[in-house]
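Could you put the whole structure together from the sequences, leaning on the hints where they help?
Each chain, written out:
There are 2 protein chains.
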Amino acid sequence: MPELRKDPVIGRWVIVATDRAKRPTDFSRDHVVVRGGRFCPFCPGNESKTPPEVLAYRQSGAANTPGWNLRVIPNKFPALRVEGELNRVGDGMYDRMTGIGAHEVIIETPDHMQLLSDLPESRIADVFWAFRDRVLDLARDHRLRYIICFKNHGEAAGASLEHTHSQLIALPVVPKRALEELDGSKKYYDFKERCVYCDMIRQEEDDQKRIVVQTDHFIVFCPYASRFPFECCILPRQHSAHFEQTDGPTMQNFGWVVRALLRKLDKTLEHTPYNFMLHTAPVQEGPMPHYHWHMELIPKLTRVAGFEWGTGFHINPTPPEEAAKFLREVGIP
Amino acid sequence: MPELRKDPVIGRWVIVATDRAKRPTDFSRDHVVVRGGRFCPFCPGNESKTPPEVLAYRQSGAANTPGWNLRVIPNKFPALRVEGELNRVGDGMYDRMTGIGAHEVIIETPDHMQLLSDLPESRIADVFWAFRDRVLDLARDHRLRYIICFKNHGEAAGASLEHTHSQLIALPVVPKRALEELDGSKKYYDFKERCVYCDMIRQEEDDQKRIVVQTDHFIVFCPYASRFPFECCILPRQHSAHFEQTDGPTMQNFGWVVRALLRKLDKTLEHTPYNFMLHTAPVQEGPMPHYHWHMELIPKLTRVAGFEWGTGFHINPTPPEEAAKFLREVGIP
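Note that the protein sequences, when read in sequence, are chains A and B. At the far end of the first sequence sits residue 1661, using this note's numbering, and the numbering has no gaps. At the far end of the second sequence sits residue 1661, using this note's numbering, and the numbering has no gaps.
Treat the hints with caution; some may be incorrect.
Because identical chains share one entry, a pair is satisfied inside a single copy or across any pair of copies.
[As the list claims (entries may be wrong)] Pairs of lysine to aspartate or glutamate residues, derived as DMTMM-like cross-links and limited to a Cα-Cα distance of at most 20 Å, are as follows: (1) 1504 to 1423; (2) 1515 to 1527; (3) 1334 to 1508; (4) 1504 to 1454; (5) 1377 to 1423; (6) 1514 to 1411; (7) 1504 to 1331; (8) 1537 to 1527; (9) 1504 to 1533; (10) 1404 to 1347; (11) 1515 to 1613; (12) 1504 to 1335; (13) 1514 to 1650; (14) 1520 to 1423; (15) 1514 to 1335; (16) 1595 to 1354.
These aren't lab readings, by the way, just hints derived from the structure by calculation.
Okay, here's the thing in structure tokens:
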């Protein structure tokens, strides 16, 4: 009998197929293979082919020359731009505003042939430090209300360049998905006087069956109402609404945890494409007792079709308990 | 300068790229080609290979034999099932219920090599009559609260069988996406005492620039805050919350309008895969002055990636005004 499960934060229902659950090998899937061999604007020596860097972690060299381990540049074809005025206007019955914002690319390593999961934990942590540094800098522009940090890994997951990178987009409005989490967690807090995410940590530790990895700083699990097979949530144990306020030991451990999860996914699903997204509070807001930052990771294994577009429902062919078991048990070096 | 536009019903923002707008030929896209030649359970003569039909429009023959023009069958691998009890239970802090519902397939024509857009308007109208008949029948089961009628056309849009068909799924809850439209249109109605969709008809007629096709019964346009290139909305002029209450002349004209739109899309985008979804009121509800049924049609031209998953925002590389112009101007026989 299939099961309907409800996301405890935003109230979205999903259908979980409990009979004939799909195993990792049941999906026809893309595999990410780095080919190299073509001109790449993200490789060292080609710094002049990108807009000038806004941040770099380097061992040597001047700005926009080789010697960097990580480099942040404005997107050459940005979805939004920092220049100009933020105008909000009516257009008949409709509403629009100018596309003020920022769109930046984090080049995670100078080595074209490396994947994020190939990097040591401290260099993965550097990617998150770079997110933090850029968020803190961009937040000084008070027109920017929300910053999403994310990664598209593999062409099927939306990556247009092969050289491993992640991105951030700063927006002049708080997007719908963030509002849903803020509203849902606020309602839960008003009702229970507890953070729903803190409660999820306790619940997942009691149940154990959806846990993938646990450390002193993080819990990684397949959410109860996962929309997608092998969807994972990385939740810090320490309550904090703002990712950019993460302390050093937690950030270092975040690098370890993401590396462990990516390697487990790579091994279980044979280098399947994926997306990850940081969910954090709006940058101009103060502390929030009800909201708790986290990372969502979605392997690209299924297609979104009419039913999902029409309802917001998803059909998940792999119960999170089974996905977590595969990921928990797979050995990584 | 890119533009941010807000959906007037659910409040979702989209980024519309206004410079370097993508034209139809700029998308690398799949083309739907019907190959045939393999065993097909939807073809006449193979009726015994599917679950018994729940509805058929036939010229001759007994149930579950050839002679039909259109046939509705339960999905052999249903997402939800009618049998069993609807149990709502807590699971620690989480909520779940048994997967009660229905999942049916509408085989639109006996001819394996035909597309929906190849059918004459009255046979396309028959597909919508079949939706109506099945919705009216299923709504007698008061456990079922919402019924979504949709089509996945082409493998890239999620179709798993080639023989042209559409589907319906009946759900024991009103899904999030429907609630958002119901809530958003209710807020607008409370504020203005007018239906937001009726206002959109007037606005689009005033502006003209997003209109694709107009008849006495329908207006077809590319929505102001389209998420996707060439996204279209088909809106009936007559205010009604419930698709299943559509009258004969409107239904017949719906067949004509959908045929015209599909042929325009096929010609402009060279048989690109698409999804369509009927948005209608929950089946157990009475008339609603604030809600207005409509059809949403999304050609599959772009990928959903980390930014979209993380924010609910979309980046649309083709302004709806330009998409509508292409579709309006393309000639169809």
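Hints versus structure:
1. In this assembly of identical chains, the alpha carbons of residue 1504 and residue 1423 lie at most 20 Å apart only when taken from the same copy (15 Å versus 23 Å across copies).
2. For the homomeric pair residue 1515 and residue 1527, the shortest alpha-carbon distance inside one copy (14 Å) is at most 20 Å, but the shortest distance between copies (33 Å) is not.
3. For a Cα distance limit of 20 Å, the shortest separation of residue 1334 from residue 1508 qualifies both inside one copy, at 14 Å, and across copies, at 16 Å.
4. Taking the closest pair of Cα atoms, residue 1504 and residue 1454 never come within 20 Å of each other, the shortest separation being 29 Å inside a single copy and 37 Å across copies.
5. Taking identical chains as interchangeable, the C-alpha atoms of residue 1377 and residue 1423 are never at most 20 Å apart, the minima being 37 Å within one chain and 52 Å between chains.
6. For the homomeric pair residue 1514 and residue 1411, neither the shortest alpha-carbon distance inside one copy (34 Å) nor that between copies (37 Å) is at most 20 Å.
7. When the C-alpha separation of residue 1504 and residue 1331 is checked against a cutoff of 20 Å, the pair qualifies only between copies, where the shortest distance is 17 Å, while the shortest distance within a copy is 27 Å.
8. In the homo-oligomer, the alpha carbons of residue 1537 and residue 1527 lie at most 20 Å apart inside one protomer (16 Å), although the nearest pairing across protomers, at 51 Å, exceeds that limit.
9. Taking the shortest Cα distances, residue 1504 and residue 1533 never come within 20 Å of each other, neither inside one copy (30 Å) nor across copies (29 Å).
10. In this assembly of identical chains, residue 1404 and residue 1347 lie within 20 Å of each other by CA distance solely across copies; the values are 14 Å between and 47 Å within a copy.
11. Taking identical chains as interchangeable, the C-alpha atoms of residue 1515 and residue 1613 lie at most 20 Å apart only when both belong to the same chain, with a minimum of 18 Å there against 26 Å between chains.
12. Taking the shortest alpha-carbon separations for residue 1504 and residue 1335, both the intra-copy value of 16 Å and the inter-copy value of 11 Å come in at or below 20 Å.
13. Neither within a single protomer nor between protomers do residue 1514 and residue 1650 lie at most 20 Å apart by alpha-carbon distance, with minima of 31 Å and 41 Å respectively.
14. For the identical chains of this complex, residue 1520 and residue 1423 are inter-copy neighbours only, at 16 Å across copies versus 37 Å inside a copy, given an alpha-carbon limit of 20 Å.
15. Within a single copy, residue 1514 and residue 1335 get their C-alpha atoms as close as 15 Å, which meets the 20 Å cut-off; across copies the closest is 24 Å, which misses it.
16. Only within a single protomer do residue 1595 and residue 1354 lie at most 20 Å apart by alpha-carbon distance; the minimum there is 15 Å, versus 36 Å between protomers.
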